[in-house]
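Novice: Chain order of the listed sequences is A and B.
Mapping to our numbering: the first sequence position 353 is 353, numbers consecutive.
Mapping to our numbering: the second sequence position 26 is 26, numbers consecutive.
Each hint can be trusted.
Straight-line Cα separation of at most 20 Å, SDA-like style, residue types lysine to any residue; simulated pairs:
{"id": "1", "chain 1": "A", "residue 1": "K126", "chain 2": "B", "residue 2": "H185"}
{"id": "2", "chain 1": "A", "residue 1": "K328", "chain 2": "A", "residue 2": "I316"}
{"id": "3", "chain 1": "A", "residue 1": "K133", "chain 2": "B", "residue 2": "G184"}
Heads up, incomplete: computed chain B residues facing chain A, CB under 10 Å, no partners named:
{"id": "4", "residue": "E90"}
{"id": "5", "residue": "F94"}
{"id": "6", "residue": "H185"}
{"id": "7", "residue": "G186"}
Across the chosen pairs, the derived CB separations fall in these ranges:
{"id": "8", "chain 1": "B", "residue 1": "Q244", "chain 2": "A", "residue 2": "S284", "range": "25 to 35 Å"}
{"id": "9", "chain 1": "A", "residue 1": "S259", "chain 2": "B", "residue 2": "T84", "range": "51 to 61 Å"}
{"id": "10", "chain 1": "A", "residue 1": "S296", "chain 2": "B", "residue 2": "A49", "range": "49 to 59 Å"}
{"id": "11", "chain 1": "B", "residue 1": "F151", "chain 2": "A", "residue 2": "I352", "range": "15 to 25 Å"}
{"id": "12", "chain 1": "B", "residue 1": "A80", "chain 2": "A", "residue 2": "P344", "range": "50 to 60 Å"}
{"id": "13", "chain 1": "B", "residue 1": "Q61", "chain 2": "A", "residue 2": "K69", "range": "38 to 48 Å"}
{"id": "14", "chain 1": "B", "residue 1": "S165", "chain 2": "A", "residue 2": "S259", "range": "44 to 54 Å"}
{"id": "15", "chain 1": "A", "residue 1": "Q292", "chain 2": "B", "residue 2": "G60", "range": "46 to 56 Å"}
For the record, the hints were derived by calculation from the structure and aren't laboratory data.
Beta carbons are placed, not taken as given, at the ideal position from N, Cα and C, and that holds for glycine.
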Amino acid sequence: ASRVMVASRNYADFASEATFEIKKCDLHRLEEGPGTTTVMTREEGLHYYKKMQTIRRMELKSDQLYKQKIIRGFCHLYDGQEACCVGLEVAIKPTDHVITAYRVHGFTYIRGVPIREILAELTGRKGGCAKGKGGSMHMYTKNFYGGNGIVGAQVPLGAGIALACKYFNKNEVCLTLYGDGAANQGQIFETFNMAALWKLPCVFICENNRYGMGTSVERAAASTDYYKRGDFIPGLRVDGMDVLCVREATKFATEYCRSGKGPIVMELQTYRYHGHSMSDPGISYRTREEIQEVRSKSDPITLLKDRMVNSNLASIEELKEIDVAVRKEIEEAAQFATTDPEPPVEDLGNHIFFNEPPFEVRGPNQWIRYKSVS
Amino acid sequence: MAMAAGLGLRGVRASGAAVSVAVRTRGDGLWSRLTTAPTVTRRFAAHFAFQPDPAPSAYGQTQKMNLFQSITSALDNALAKDPTAVIFGEDVAFGGVFRCTVGLRDKYGKDRVFNTPLCEQGIVGFGIGVAVAGSTAIAEIQFADYIFPAFDQIVNEAAKYRYRSGDLFNCGSLTIRAPWGCVGHGALYHSQSPEAFFAHCPGIKVVIPRSPLQAKGLLLSCIEDKNPCIFFEPKILYRAAVEQVPVEPYNIPLSQAEVLQTGSDVTLVAWGTQVHVIKEVAALAQEKLGVSCEVIDLRTILPWDTETVCKLVLMEFS
Chain A
1 ASRVMVASRN YADFASEATF EIKKCDLHRL EEGPGTTTVM TREEGLHYYK
51 KMQTIRRMEL KSDQLYKQKI IRGFCHLYDG QEACCVGLEV AIKPTDHVIT
101 AYRVHGFTYI RGVPIREILA ELTGRKGGCA KGKGGSMHMY TKNFYGGNGI
151 VGAQVPLGAG IALACKYFNK NEVCLTLYGD GAANQGQIFE TFNMAALWKL
201 PCVFICENNR YGMGTSVERA AASTDYYKRG DFIPGLRVDG MDVLCVREAT
251 KFATEYCRSG KGPIVMELQT YRYHGHSMSD PGISYRTREE IQEVRSKSDP
301 ITLLKDRMVN SNLASIEELK EIDVAVRKEI EEAAQFATTD PEPPVEDLGN
351 HIFFNEPPFE VRGPNQWIRY KSVS
Chain B
1 MAMAAGLGLR GVRASGAAVS VAVRTRGDGL WSRLTTAPTV TRRFAAHFAF
51 QPDPAPSAYG QTQKMNLFQS ITSALDNALA KDPTAVIFGE DVAFGGVFRC
101 TVGLRDKYGK DRVFNTPLCE QGIVGFGIGV AVAGSTAIAE IQFADYIFPA
151 FDQIVNEAAK YRYRSGDLFN CGSLTIRAPW GCVGHGALYH SQSPEAFFAH
201 CPGIKVVIPR SPLQAKGLLL SCIEDKNPCI FFEPKILYRA AVEQVPVEPY
251 NIPLSQAEVL QTGSDVTLVA WGTQVHVIKE VAALAQEKLG VSCEVIDLRT
301 ILPWDTETVC KLVLMEFS
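Whole structure, please, built from the sequences with the hints as guidance.
Specialist: Structure representation (structure tokens):
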């Protein structure tokens, strides 16, 4: 890599694109899978890097705010899994639909919600994306349906969204995500059956981060081949720490669905550095060495950075500049999140039903009423 | 709540559990104080003080225990006495997310205390099967908020088994335990009090203790009861409630309410965490308003002790 001065950078020094090898995906009931090489342009690389770094820093900031007790309640952090949401988003269109479980900060950002609204939602302020009433687990935006607290409950919803996609005939798909713990819930299998029976354009994605809260996959599942659990639904197993692998696999999967062949299952093998939530230290069911090993060998951001620098797509200084800019953005967002006012108490009763005229909701005792307005 | 705030007590805020209050209102500012919603949004600490009961002398040696320790003690007694008893649920093997099953796997073996995967419907269905086959099944649902996938199994299978088989089969040796109630930071899915959903289902029993002493006795009664029981444990009391609890097993009868305080003007009925709030309210009402309150802990929600409650309410009207 050639050395360049930060002040006078000559972009002609960099390559415009490079070809990379990605891991072959394990296949279930599929003749062919995604390719083993892919091309990434400089712009794409910088975009992925910025997005992943933003999510990483946002999660670390949330960790900090939680420990300062500015964020309370529950907080499930996504650091380590950034390649999954970024890889998925860049392979689909903004008009496609996504629904996931409770580890949503990354998805909320990548689907278009500004950082300040995410952090304000975490701190419970009215500038938050759910007006401060949802919190960490309940974040939504256009074509992103959350943000669901109950494990596995979002999967039948995803199939329903896929049915609507098919019905409206706009060539859209629905990405329905769940975790390795949720893969043992009954409703998942009910959904597999419905989706396959009606050939719904639903991509079922199992984000396998090896631990369902504190239980390792070997102790919870009779079969840890989550991509095969769809049985009659074809599946593929993808390296979830490599953003390019996720991108290619998602392109393949969505192509499959869009062509009308029905649902497909994707297992993303990934890892989370934090515990299940902020109240879980994350080391009572796994060793610090294991976490360190993943961090040093398979960290998604480091992987991308090494690839870009080694192929002359970017310089270390340039990526460092992105880091600095991201840090600044997160700081400003955190500033907003800590200073924005909380929603007023009158909001408590709102948006229960869709109603007109407004009705009254019982408060802490039967004589206090809140108005419910929508 | 406003009533308490109006009466000058700052730290009281209503929790989720139900309270029924029969109050004859007086003409003065009480009405306006009751109906003004609190506008402060300060964060309070626990909104009540746990009031321990005196140590009982009838059951032998006692030990200082909090709620989760008293549950562990009850489960220990149950597994020791009944060789067919098994405990299962999510994460119970290492001790449970609230430490209710600490040490039991080491003591009784992995065949009797084991984890299940993440599947509430499966846990309860499986538990019904274990009970029908003759073992004592103690199933844990990790939070009462997650009991809904199992609702069909409880209401349609467990509750009606004895009836529809003409008493040929039953799952009476099934007990389902779940942490229950608000805790301050639980929000939508770690704070629910779903006893009302089950309160209209003949065939099951629903029990909610207010303290460690009550919990151990009631849980042992539920396990020994020949009907499927749901035992909700107020999670905010797991560490906060400390009492002297007998080490040996003892039973507190089900479907019997306990009168904690007698009075002549008002009957206050509560269960679980709210009993402690209501006790404070009764003391305040006596002090500030001169109202003599009767406090009843319902204990068993279904079938509830209609006789005690109705008798006491009628006494006030006579």
